[in-house]
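Protein chains: 4
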Amino acid sequence: MASHRRLRLGMVGGGEGAFIGAVHRIAARLDDEYELVAGALSSDPDRATRSAVGLHITPERAYTDFRTMAQAEAARPDGIDVVAIVTPNHIHYPAARAFLEAGIDVICDKPVTHDLAEAEDLARIIATSNRSFVLTHNYTGYPMVRQAREMVAAGEIGGIRVVAVEYAQDWLSTDLEATGQKQAAWRTDPARSGAGGALGDIGTHAFNIAEFVTGLSTTSVAAELTSFVHGRALDDNAQMLLRFPGGARGTLWCSQVAAGNENALRLRVYGETGGLSWQQEHPNQLIHTPLGAPPRLLSRGGPATGDAATLATRIPAGHPEGYLEGFAQLYRDAASLLRARCAGEIPPAACALLPGIAEGLRGMKFITAAVASSARDGAWTEI
Amino acid sequence: MASHRRLRLGMVGGGEGAFIGAVHRIAARLDDEYELVAGALSSDPDRATRSAVGLHITPERAYTDFRTMAQAEAARPDGIDVVAIVTPNHIHYPAARAFLEAGIDVICDKPVTHDLAEAEDLARIIATSNRSFVLTHNYTGYPMVRQAREMVAAGEIGGIRVVAVEYAQDWLSTDLEATGQKQAAWRTDPARSGAGGALGDIGTHAFNIAEFVTGLSTTSVAAELTSFVHGRALDDNAQMLLRFPGGARGTLWCSQVAAGNENALRLRVYGETGGLSWQQEHPNQLIHTPLGAPPRLLSRGGPATGDAATLATRIPAGHPEGYLEGFAQLYRDAASLLRARCAGEIPPAACALLPGIAEGLRGMKFITAAVASSARDGAWTEI
Amino acid sequence: MASHRRLRLGMVGGGEGAFIGAVHRIAARLDDEYELVAGALSSDPDRATRSAVGLHITPERAYTDFRTMAQAEAARPDGIDVVAIVTPNHIHYPAARAFLEAGIDVICDKPVTHDLAEAEDLARIIATSNRSFVLTHNYTGYPMVRQAREMVAAGEIGGIRVVAVEYAQDWLSTDLEATGQKQAAWRTDPARSGAGGALGDIGTHAFNIAEFVTGLSTTSVAAELTSFVHGRALDDNAQMLLRFPGGARGTLWCSQVAAGNENALRLRVYGETGGLSWQQEHPNQLIHTPLGAPPRLLSRGGPATGDAATLATRIPAGHPEGYLEGFAQLYRDAASLLRARCAGEIPPAACALLPGIAEGLRGMKFITAAVASSARDGAWTEI
Amino acid sequence: MASHRRLRLGMVGGGEGAFIGAVHRIAARLDDEYELVAGALSSDPDRATRSAVGLHITPERAYTDFRTMAQAEAARPDGIDVVAIVTPNHIHYPAARAFLEAGIDVICDKPVTHDLAEAEDLARIIATSNRSFVLTHNYTGYPMVRQAREMVAAGEIGGIRVVAVEYAQDWLSTDLEATGQKQAAWRTDPARSGAGGALGDIGTHAFNIAEFVTGLSTTSVAAELTSFVHGRALDDNAQMLLRFPGGARGTLWCSQVAAGNENALRLRVYGETGGLSWQQEHPNQLIHTPLGAPPRLLSRGGPATGDAATLATRIPAGHPEGYLEGFAQLYRDAASLLRARCAGEIPPAACALLPGIAEGLRGMKFITAAVASSARDGAWTEI
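So the sequence lines, in the order shown, correspond to chains A, B, C and D.
Just so you know, we're using this note's numbering here: the first sequence kicks off at 62 and counts up by one.
Just so you know, we're using this note's numbering here: the second sequence kicks off at 62 and counts up by one.
Just so you know, we're using this note's numbering here: the third sequence kicks off at 62 and counts up by one.
Just so you know, we're using this note's numbering here: the fourth sequence kicks off at 62 and counts up by one.
Excised from the complex, chain A in its bound form (with noise of 0.2 Å):
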C-alpha cells in the first residue's frame, strides 16, 4: 500500500445500539490513519444498512453477514486491509478466523474469545496465517501505563513484591438484563459472555494491566466468585489472590456491583525500593513513591516522562488525554504495524507494546484458573 494512504478498515459488530463500536470507530480517525469502507454492523438486514448509510459506507459494502463480508472484501481491489470486530464475546472466535483465513488483518475487542479452547485454536490459526491480530486491551494505550511499564523495567521501584489492582464499577448492581438493557444482557449470559461476568469483562482488563506494567505473569490465583444479583448466572464481583515468579503476592478485586463506582481501574505495584500509583479515572497522572523520599506526581507531557509515554502523548500536559485517545493509540501503533510490514520494514518500537493474541491467550487462561479456584473454594490454581 502508498505508505500515505489511509487504512481501509472493515468492522463487524456496532451497529445502532452498540456501544463499543462507536469508540474504535472514534479511535480509529483520531489519528487519520484509517478510513472505514465496509462493514457486517448487524445481521438484521434493515439495521445493517441504515448503520451503514450513517457511517459513509456505500450500500455494496454494507454486509449483514461476516463470512460473506470477509469472502467478498478479499476479491476486491480495494478491499479492506484490516477488519474491527466488536461483537459480544462469542462472535469474536468465528468472525476473527474467517478474515484471518481471507487474508486480512484483524482488530478485536477482549476478551478474545468465548472461552479457552477457542483462544487456543485461534492462536494456532494466527500462528500460520502470516497476519497480525490485535487485541484491545484499551487501557496499555494509556501513555502513564506506558510510563510505568518502563520505570518498572528500568528497575526504578526495584524487584517486585506487591501488586494491587482492582477494577470497580456499579451498573450491574441491580437486575438490569432483565429489563432487557441489550449491554447488560450479553454480559450476563454464559452462552454469549463465556465463564466470566465481570471476570471476563473488566477482571481481564485489570488482569492484562498488571502483567503489562510489572512484565510478570501471574503464576496462579486464589479466587472467589460471587453472584449478588439475584438469579444471574455469572459472577458480578470476583476477588483473588495472586502469585507471580520471584516470590511477589497480589490482589485483583473486579466488581460490578460497587455502589459509586463507575469505571474505577486503579494499580499499585510495590517493588523492594519505590512504588507506583496510577487510576484510570484520572489517567494522566502516576504516582511515584520512592523509598524514603517525597512521592512524585508524574504527568503526562510533564517533567521527567520517559520515551513510551511520549511517543503515546499527542497534546501538551495540563490538557488531559482521556480514554478515546487511549483507544486511539491502539489503533495508531496497529496502522503503524501494517504499514511497516507491508512495506517490509521493521515496525517501530512502539509496535511492540501492541497486544495480540498472546494477551487473548492470557486473558482467557486467568478466566479459567479463577473460576477453576472458585469452584475449588479458592485453592490455588495455576494459570
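Just so you know, the hints here were simulated from the structure itself, not pulled from any lab data.
One thing to keep in mind: the hints can contain errors.
Claimed, not checked - Heads up, incomplete: computed chain A residues facing chain D, CB under 8 Å, no partners named:
1. 353
2. 356
3. 358
4. 359
5. 363
6. 364
Computed from a predicted structure; not experimentally measured.
Just so you know, even glycine gets a beta-carbon here, dropped at the ideal spot from N, CA and C.
Using the hints, position chains B, C and D against chain A.
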C-alpha cells in the same frame, strides 16, 4: 449540501511545527463530520506542500496564501464549506475577513483578533455576511462546564455572589522566547499577540468560561499586570478584581510563570444557596455544594447530569473524556449549525452554545480594559 | 469517686524511647478527664525514675515492676482508678491480669495479647472481675468511622455485599530491625509480638474497623502471608479473602513494605443500595455513594452527620481533628464508662462503642486463622 | 520557676457557650506544659462560677472581672504565670493591658485589638513591660506551614513572584446573626469586631500566613469589600490585590458566604524556580513544585522535611495531626519562651516563630488599609 456528506474543511495555519492546528484537525475528525481538503498551512511554499501531503490534501489545493485560497475555493464546485483559522493572533482578522467575503464560513482560534478595533470591524463584516463565525473557546465544550452553566441558569445555586476563576501555567517561567521556541516567540511579541500576553493567551479563556457559566457580563475590572521575566514586553501574570451586574464580585488570575501548574484552569462560583467548582485538569467532575447539605460530586455521564452535558457526552461515565473531545464538541456543533442552515432548518439547541463573534468581542474588550486598568494603577475600568 | 474529679491514671510501659505511650498520655489529657499519677514505665530502674520525673509522677509512685505497682496502688486511698498498658504485646496479658486481680480497671493497647490462649484466659478473668477492660482500637474513635457504622446500621447502604479494607505502611521495607531500632525489633520478634507481624500490628486494626463499621463478624479467611525482607521471621505483608455472614465477601491487605505508604488505613464498604469510603490519612471526610445518585462528601461536623459522629466531635467542621483526637475519644468514652459504673448509673450510649475483650479475642482469632490459612496454602479457615 | 513544674495559666473569656476558649484549653493541655488555675470566664457571676467548677478551678480564683483577676493573681505567691485572652475582639486591648501592667505574660487570640490605635498603644505597653505577648495565629503552628517557610527562606523556590492566599467559609451565608447565634452576633457587630468582618475574623489569618511563609511584608492592597447578606454592617466577603517588596504580586480572598467551604484556608506561593501549595483542611501535606521537575508531595514526619517541621511534630507520618495540635504548638513554644526567659536562658529557635504584637499590628494595619482601599473604590493603599 447532502445532509449526510462530510463537511469540506480548509485550514489556514497549522503546518509543520504548529501546535493548535493539529488539535483542531483531531477535533474535526473525532465525530466524523469533516474532511480536510484544502489548506494554506504555511506561507513558506515548501513547508506548505510538505504539510499538505502529510494531511492527504491534493497538491492543487495546497495554497501558500490565504487570499488566493479563499478565491480559489469559492470558485470550485467542490470548494470548502468552512475554513479553520489556526494562525498566530495577528492573522486572524485578515484571514477571517478574506473567507467571509468569499462566502465561506469560519472557525477561528482565540483570541479573536490582534486588537479591539479589528474585532469590532470583524463584527461588522460578519453582521452583513450571512456567514457563520465560530470561535474555539474550547473549554466551553466540556460536558461538565455546560452542566454548570445549566445549573446556574436553573437557579440551583441562587443569585451569584462570588466568582473565582484562574488559569495558571508555568511554561514561560524562564526566557523561553530567547531560545527561539516558536510558540513562546509569537505569544510574547506584541506585534503578533496584541496587548495581552498571558492575558490574551489564557486570560481570555478564563474570562470566557466565567461569563459562560454564570451567564453574567463582567462590568468592570481592577487589574495588575506584571512581566516577571526580565525583558519580556507583555504580561506573564495578571491578577484582577471583577464586578458583575447585580452586585456579584470576582477575581481572575492568569499566569504563565506559576511553577508546577501545567494547564490549571479552575472556576468556582458561589451563589446564595450553593456553589460550583470545576477544574480543567480533571474535567469530568463538577462539585456542587448546596448550602447546608453535603457536597455532591457530579460526574460526566453519571447520575443527576442534565441535557446540556448529556448532549456533549460520547462515552459512559468513568471513561474520561478529555481535552480533544471538548474541542471536538465545538466542531460537532458547528457542523450541525452549518448543515441546518443549508437545509433551511432550525439549528439544534446546542448550537446556541457555540462561541462566536460576540464572545470574540468580549475577549478583546476584556484585554483592553485589563490593560487600561493596570496602566491606571488598577483603577476600576469598564468592559 | 466525685463526679467531677479527674480519674487517676497509671501507666505500664511508655518510658523513654517508646512511641505509643506518649500518644496514650496526650489522648488522656486532651479532654481533661485523667491525671497521670503512677507508672511502671520501664523495667530499668534509672529509666523508670527519669521517665516518671518528666511526667510529674512523684518518686514513690514510680515503679519498676507492674505487679508491685498493682498491689501498692490498690492499697492506697488515693490509688489509681485505671491503668493504661502500653508495652510490647507479650506483657499485655500478665499486666492486665495483675491489675484486674487487684481490682483496677484496664485500658490496654492492641493486639490484646501475645496469643489466642492468653486472650481466652484474659476473657475469663475479665468476666469474673467486675472491672472494665478497654482495648485501644483507636481508629474507631474517629467521628466519621462512627458515622459510617451508624449509616450501615440504619440501612443507608442496604445489605452489605463487598468489603475492601487495607492498611499499608512502608517503614519495614528494609531490615530495620537489624539496626537495633526498638519499634522494629519487638514487632518482628515472634517472642514479643506473637504469630502475626504486620498482621498483628496493623492487620488487627484493619480487621477491627471492618467489623466495627459493618457490624458483621467475619466467618473465615483464605490468607497469604509473606515475609519479603530476607531473614524476617514474621509476615511483613498479608493478603486475604474474607467471608461474612449473609454472603458478603471481602479482601484485607496489610503491608509494612509498600513503599510510599505512611499509615494508609482505608475502608470501603458496598451494600445493595450504596457504598461508603473512608481513609485514615484524611479522617474528617467520609464519602457516601448512594446507588444512582451523585456521591456525597460528608465531613466531620458538617451537614448530615448523625449523633454518633457528633458525640465524638470537639471542634467545628473544617478544622481537622486528627489521630490524637481519635485516640482521645476512647479515653473520653472510657472515663464516662468508669464514672457511670462507679455512680451506679447507666453508661452513655457511646460507651457501647468501646472496644474491649470481645474485640481483643476477635483479633487474636483473626491472627490465628490467617496464619493457619496461609500455612495451609490459603485454604479457607474459620475464624 | 522550677524548670519542671507546669506553667500556671489563667483565662479571660471562654465560659459556657464560647468556642475558641475550649480550643485554647485543649491546646494548652496537649503537651502538658500548663495547668489552668484561674479564670474570668464570664462577666455573668453565675456563668463564671459554673464554668470554673467544670474546669477544676477553685472558687476563689473564679473571677467575674479581668481587672480584679489581674490584681489578685499578681498578689498571690502561686499566682498565674500567664493569661490567655479569648474574648471577643473589643476586650483584647483592656484585658491585655491589665495583665501586662500587673506583670503577667499574655497569650491573646487574634485579631490583636478592636482597631489600629489600640494595637499601636498596646505595642507601646508591651515594649516597656518586660513581658511576653503571644498572638495565636494558630495556623503558623502547623508543621508543614513551618516547613514551607523554611523552604522559602532557604531559597528552594527562588525569589517570590506570585502569592495566592484564600480563606473561604460559608457559615454566614444567611442572616445567622438575626437568630441570636452568639458567634455570629459579635463577629458582625462593628462595636465588638472592629472595622473588618470576614476581613478581621479570617482575612487576618490569611494575611498572616502569607507573610509568615514568604517572609515578605505586604506593602499595599487594592481591595473590594462586600456585604452580601442584606443589612449586615461588616464585610462578609473581601477580595484584594497585594503588592510585596521586590515586585512580587498577590491576591487575597476571604469569604464567609462561599457555600460549601468549611474552613478552606489555602496558600500558594510561586517563585522563580518553584512553587509551594498548602491547604489547612489537609494540613499534613505540602506540595512542592520545582520548576522543570515533577511535583513532590511532602508530608509531616515524612522524608525531606526539615528542622522547623520536625520540632513541631508529635507523632509519626501518616497519623494526621490536626487543628488542635497546630494550636498547641503555639502554647508549647510560648511555654519554652517563658521558661527560658525566667531562667535567663536564650529561648529555643522555634520561639522566634511565635506571633506577637508585631504580627498583631500588621493585622490591624492590614484591616485598616483594606477598608480604606475599598472605600476609595479599590485604590492601591499602603499598609
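Comparing the hints with the structure gives:
1. The interface hint given for residue 353 (chain A) is met, as the beta carbon of that residue sits about 5 Å from the closest beta carbon of chain D, less than 8 Å.
2. For residue 356 (chain A), the suggested interface contact is upheld, since its CB lies about 4 Å from the closest CB of chain D, less than 8 Å.
3. A cut of 8 Å between beta carbons decides the hint on residue 358 (chain A): the least distance to chain D is about 4 Å, and the hint holds.
4. With a least beta-carbon distance of about 5 Å to chain D, the hint placing residue 359 (chain A) at the interface is held under the 8 Å criterion.
5. The interface hint given for residue 363 (chain A) holds, since its Cβ lies 6 Å from the closest Cβ of chain D, which is under the 8 Å cut-off.
6. With a cut of 8 Å, the hint placing residue 364 (chain A) at the interface with chain D holds, because the nearest CB-to-CB distance is about 5 Å.
The structure meets every hint from the earlier list without exception.
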